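Using the sequences and the hints given, assemble the complete structure.
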Amino acid sequence: MAWLNPATRERLKRFRRMRRAWFSLWILMILFVLSLFSELIAHGTPWLLRYEGRFYFPRVQNVAQDLFFANGVRSEPDFHRLEDSELFADGTGNWMLWAPIRISPENTISPDRIQLKDELRVSRIRSQRVSDLRVNAANAIRAGRGSEWFLGEVPEFPSPIQEALATRFRNEPSESVEVKDASGRFTWSLSGYTPRASAPRSVRIFLREITSDNERPAPFVIVGESEDRPEWWATLPDPVRKRAEAALIEAQTVPVDAIPYTDGEGNALEIRIDKETVQFPFRPVKNHPFGLDQSGRDVLVLILYATRISLLFGFILVFCSMLLGTLLGGLQGYFGGRVDLISQRLIEIYSAIPFLYAMIYMGSVFGRSFGLLLFVYAVFNWIGISYYMRAEFLKLRRQPFTEAAHSLGLPTSRIMWKHILPNALVPLITFFPFSLVGAIGSLSALDYIGFGLPVGTPSWGDLLNQAQTYRYAWWLIVYPALTLFLVILLGVFIGEGLRTAFDPKRETHWEA
Amino acid sequence: MKERTEQNQPVLRVRNLSVAFQTEDRRVQAVENLSFDVMPGEVLGLVGESGSGKTVTGMSILRLNPSPPAQYTGGEIWFEGQDLLKLPTEQLREIRGSKISAIFQEPMTALSPLQTVGEQLRELLNLHRPLMTEREKTALVVEWLAKVGIPEPEKRQHQYPFQYSGGMRQRVTIAMALMLEPRLVIADEPTTALDVTLQAQVFDLMMEMKADKTSLLFITHDMGVVWELCDRVLVMKEARQVETGETNALFARPQQDYTRALLQAVPRLDDAPSREMPDFEEELIRTENLQTWFPIKKGMFARTVGHVKAVDGLDMVIHAGETVGIVGESGSGKSTLGRTLIGLERATGGEFWIEGQPLRGVRGGRWRMIRRQIAMIFQDPYSSLNGRMKILDLITEAPIVHGLLAKPDPDFAARWLEEVGLEADMMHRYPHEFSGGQRQRICIARVLALEPKLIICDEAVSALDVTIQAQILDLFLELRERHQLAYLFISHDLSVVKRICDQVLVMQNGKAVERGTPSRVIEQPEHPYTQKLLQAVPSPGDPTRQRRRD
Numbered sequence: 001m002a003w004l005n006p007a008t009r010e011r012l013k014r015f016r017r018m019r020r021a022w023f024s025l026w027i028l029m030i031l032f033v034l035s036l037f038s039e040l041i042a043h044g045t046p047w048l049l050r051y052e053g054r055f056y057f058p059r060v061q062n063v064a065q066d067l068f069f070a071n072g073v074r075s076e077p078d079f080h081r082l083e084d085s086e087l088f089a090d091g092t093g094n095w096m097l098w099a100p101i102r103i104s105p106e107n108t109i110s111p112d113r114i115q116l117k118d119e120l121r122v123s124r125i126r127s128q129r130v131s132d133l134r135v136n137a138a139n140a141i142r143a144g145r146g147s148e149w150f151l152g153e154v155p156e157f158p159s160p161i162q163e164a165l166a167t168r169f170r171n172e173p174s175e176s177v178e179v180k181d182a183s184g185r186f187t188w189s190l191s192g193y194t195p196r197a198s199a200p201r202s203v204r205i206f207l208r209e210i211t212s213d214n215e216r217p218a219p220f221v222i223v224g225e226s227e228d229r230p231e232w233w234a235t236l237p238d239p240v241r242k243r244a245e246a247a248l249i250e251a252q253t254v255p256v257d258a259i260p261y262t263d264g265e266g267n268a269l270e271i272r273i274d275k276e277t278v279q280f281p282f283r284p285v286k287n288h289p290f291g292l293d294q295s296g297r298d299v300l301v302l303i304l305y306a307t308r309i310s311l312l313f314g315f316i317l318v319f320c321s322m323l324l325g326t327l328l329g330g331l332q333g334y335f336g337g338r339v340d341l342i343s344q345r346l347i348e349i350y351s352a353i354p355f356l357y358a359m360i361y362m363g364s365v366f367g368r369s370f371g372l373l374l375f376v377y378a379v380f381n382w383i384g385i386s387y388y389m390r391a392e393f394l395k396l397r398r399q400p401f402t403e404a405a406h407s408l409g410l411p412t413s414r415i416m417w418k419h420i421l422p423n424a425l426v427p428l429i430t431f432f433p434f435s436l437v438g439a440i441g442s443l444s445a446l447d448y449i450g451f452g453l454p455v456g457t458p459s460w461g462d463l464l465n466q467a468q469t470y471r472y473a474w475w476l477i478v479y480p481a482l483t484l485f486l487v488i489l490l491g492v493f494i495g496e497g498l499r500t501a502f503d504p505k506r507e508t509h510w511e512a
Numbered sequence: 001m002k003e004r005t006e007q008n009q010p011v012l013r014v015r016n017l018s019v020a021f022q023t024e025d026r027r028v029q030a031v032e033n034l035s036f037d038v039m040p041g042e043v044l045g046l047v048g049e050s051g052s053g054k055t056v057t058g059m060s061i062l063r064l065n066p067s068p069p070a071q072y073t074g075g076e077i078w079f080e081g082q083d084l085l086k087l088p089t090e091q092l093r094e095i096r097g098s099k100i101s102a103i104f105q106e107p108m109t110a111l112s113p114l115q116t117v118g119e120q121l122r123e124l125l126n127l128h129r130p131l132m133t134e135r136e137k138t139a140l141v142v143e144w145l146a147k148v149g150i151p152e153p154e155k156r157q158h159q160y161p162f163q164y165s166g167g168m169r170q171r172v173t174i175a176m177a178l179m180l181e182p183r184l185v186i187a188d189e190p191t192t193a194l195d196v197t198l199q200a201q202v203f204d205l206m207m208e209m210k211a212d213k214t215s216l217l218f219i220t221h222d223m224g225v226v227w228e229l230c231d232r233v234l235v236m237k238e239a240r241q242v243e244t245g246e247t248n249a250l251f252a253r254p255q256q257d258y259t260r261a262l263l264q265a266v267p268r269l270d271d272a273p274s275r276e277m278p279d280f281e282e283e284l285i286r287t288e289n290l291q292t293w294f295p296i297k298k299g300m301f302a303r304t305v306g307h308v309k310a311v312d313g314l315d316m317v318i319h320a321g322e323t324v325g326i327v328g329e330s331g332s333g334k335s336t337l338g339r340t341l342i343g344l345e346r347a348t349g350g351e352f353w354i355e356g357q358p359l360r361g362v363r364g365g366r367w368r369m370i371r372r373q374i375a376m377i378f379q380d381p382y383s384s385l386n387g388r389m390k391i392l393d394l395i396t397e398a399p400i401v402h403g404l405l406a407k408p409d410p411d412f413a414a415r416w417l418e419e420v421g422l423e424a425d426m427m428h429r430y431p432h433e434f435s436g437g438q439r440q441r442i443c444i445a446r447v448l449a450l451e452p453k454l455i456i457c458d459e460a461v462s463a464l465d466v467t468i469q470a471q472i473l474d475l476f477l478e479l480r481e482r483h484q485l486a487y488l489f490i491s492h493d494l495s496v497v498k499r500i501c502d503q504v505l506v507m508q509n510g511k512a513v514e515r516g517t518p519s520r521v522i523e524q525p526e527h528p529y530t531q532k533l534l535q536a537v538p539s540p541g542d543p544t545r546q547r548r549r550d
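Protein chains in written order, with this note's numbering: chain A, 1 to 512; chain B, 1 to 550.
Hints in this document: simulated from the structure, not taken from any laboratory.
Small disclaimer: the values here were computed from a predicted structure and weren't measured.
Accuracy of the hints is not assured; some may be wrong.
As the list claims (entries may be wrong) - Calculated pairs, SDA-like style, for lysine to any residue (alpha carbon to alpha carbon, straight line, at most 25 angstroms):
#1 LYS390(B) with ARG398(A)
#2 LYS418(A) with SER435(B)
#3 LYS390(B) with THR8(A)
#4 LYS13(A) with TYR430(B)
#5 LYS390(B) with GLU163(A)
#6 LYS418(A) with PRO410(B)
#7 LYS297(B) with ARG338(A)
#8 LYS395(A) with GLU345(B)
#9 LYS395(A) with TRP293(B)
#10 LYS210(B) with GLU80(B)
#11 LYS395(A) with LYS390(B)
#12 LYS13(A) with ALA20(B)
#13 LYS297(B) with VAL339(A)
#14 LYS395(A) with ALA20(B)
#15 LYS418(A) with GLU451(B)
#16 LYS418(A) with GLU433(B)
#17 LYS418(A) with ILE370(B)
#18 LYS418(A) with LEU405(B)
#19 LYS309(B) with ARG397(A)
#20 LYS418(A) with ASP380(B)
#21 LYS395(A) with SER462(B)
This is the structure in structure tokens:
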């Protein structure tokens, strides 16, 4: 650090003494460096492969299926399955060296490779009987399916129902009606009625069994091939139990329908047998601690790669816009007068172009890409910085040391470069973390609304967008949001520290 | 009898005051074991060079030092039977402004730009005289504005500070300090930012105030001001008291070497000129009817509605090896003249030549070549060196650009540093490690390295302490002989000009109103403006002149 100006060294020393900012800087840097080496942490292709005494580097060279199966296929094999196969069994001397996480961000995890618990959930649910009747003006009845259980042979209408029927046949308006039957086992009901051109020829009456409220016992869990059965299993009628046993076996592979039956007391029941199936987005499971997204990609790996893209984007963007902003702001500030006046007006016009519009337009013309997004962003982002640099240069060009440099006959370029610029850097340095945080935030926002990076690029914003569709998928919102929060928090802490360290008027307060 | 005892009780008693500043890695003792009294109606001068602790002493009385890191490590400050250092802040606030008030150096920043002058004065009354009616407050404000010599106070009280001139603003701050009739006023270099004629006005005002039995603690580095105003003097150096005594006695018979050195270093109007006027032959610079006007622009389209005629038709000749002094009040155009000659401002009329080459209309690259022959030294040595470059680079930069050197050559830098009385090994350090005097020497070394024919010194010694000022002036004289340099010496200080110059030009409103040898101009001034300037110059120990305190 000896090459640094002592004033700068003093400021850095002050910065280092602010522990929160200093630690944040370290954490962010470690995070950044780690994310730069994401491929070493997570990748779906083995780094090194030994097969029949020779080494192969599948990441670098094309290792064809032909090598293993002699089938003439030039494309790469599925290394995961290959490793599980006999060719790579213990003792063959063949092996693969993988990254700690064997998944690439673009890999779609096949559902059968997700290790679910081998469980069946069996439950018996009481079903509610329903039926209907159609009645015409002559009180002739056409009974719906299952109505015998309710009415027996001769239905007897309760008087409110009879009245309701009468008003409907008179084509008069009527509210909906619901009446409990004298037996107390079911209800009668009629829906509301508005008069029509002519009186109805028939009216529908609904019958509903009254069941005790929502009996939903916890399902019984049968693990694997276990012989455990729920207590009620033995009470099932033989044919039903046989069908249920068969369904248990069938359910191991495909979803099965519920089995309805009627018990000795005449209650309608059904037996449901469920096995959890993999549907994307899928919750965190073993080997995928952050869950899977809508297309079956591992969220942890996506976040890792998205961190790299976000931070890289942020760093490059802020660097470019600071370069542009300093150059243009500096020129304006230094030359002042007419140059300043005209370029300020041009910038005002220019900055009125809506960024989002430009982004969408350019994206549709050139196709969305990281480079284009960076370019469009940088082309707009420098304006803010240029205001600061303009003000700095405007101030510094009237400083005695600049005038002294002039009076010594130094050329303008040298005065700007050696005398003004080094003294104007403070706002750039203190601004850097905040700009970085801003850039990262806006990238996520753009991805979220779907105008950011190309579809399929790992991105926090894209995950958040998916979470909007699958609202139960909490893992799609919690993990990316936490990462975004962490990075922004670190950036703000660093920025705060730098600002305090570089503030010329720090800690002056009066005893008042 | 009672009145006599009252008379003899000091207003302020400072006993063994010690103040230290704690910075991150070191501790600076700013004031050490200082004791003094201020009697009623007395003016006590606190004199010392920068860094001697005089300002910290003044600020300690009101506890206005930035805190932390100021620490009052010992001593007592007694005022009206209370130790101000131990007083709770609320009670101290009662005293601040009403019983003890302060006047600061910078009149430009002491007033809030967003409130009218009248409002700011009334605010003080709102705080300390809550029982007064609005009408009484306004009457008092107008009365005080009139007292400090603001014309049309009724109307002027509704104006904002920017509508006041620098001298008027300083007079407003004095009104603020005096309006509540405090028993003690602490004045910290109240006239340093003003030129001599304004300074004289302010002094007269302070003397009136003394007649009202208000005591004054006057902090200054200027021995001339002390001679004019103070009854007693306390000389400080490096946080300690050097000497104290009655002004007359101290000036006549200083007891300490430091005081003697301080008094000797003060340039005086009756100093002998540094050399007999030699015969100059070769003409270096000639100006004829030189004009530098700045347009005054107004309105949306920045129409030029008039001009500030900073330099307005000036004829002047500087010979090779000659030292020409330019004197005048601030705003008389003397700085602009210097800046025009070196091309920092563009001349708008007339002609000027260097060694017969016309300079008017020269632009860009040609000017850069001419700047090898003309150099400039600025007033503030702190801001005229780029703090991000090493001394070596600062000195060698321009010679490299002008093709005199191929690379930053340490031997080259060493030669010029030694030429101005600095050590060669300083070249590897940065400007902030040097004192004001050393920095000004670095500035001189930097321009000397180009071996110019003319050096324009724009108030080059006015920001320096007297002893340093004398050293730098000696350096200028020495270099003049060794390198046959011509100087254009711009200064508001007539005594400095008299010491060094062969020719003096008195400027007023961009025009030269009088010119001649310094002895002639100072002893027999012809123009009334020159006479007024001379009247205003404080001249310590000059028994022929009436002092204000008498």
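For this session: Please name the hints from earlier in the document that this structure breaks, with their numbers sorted from lowest to highest.
Result: Result: hints 5 and 14 break, sorted rising.
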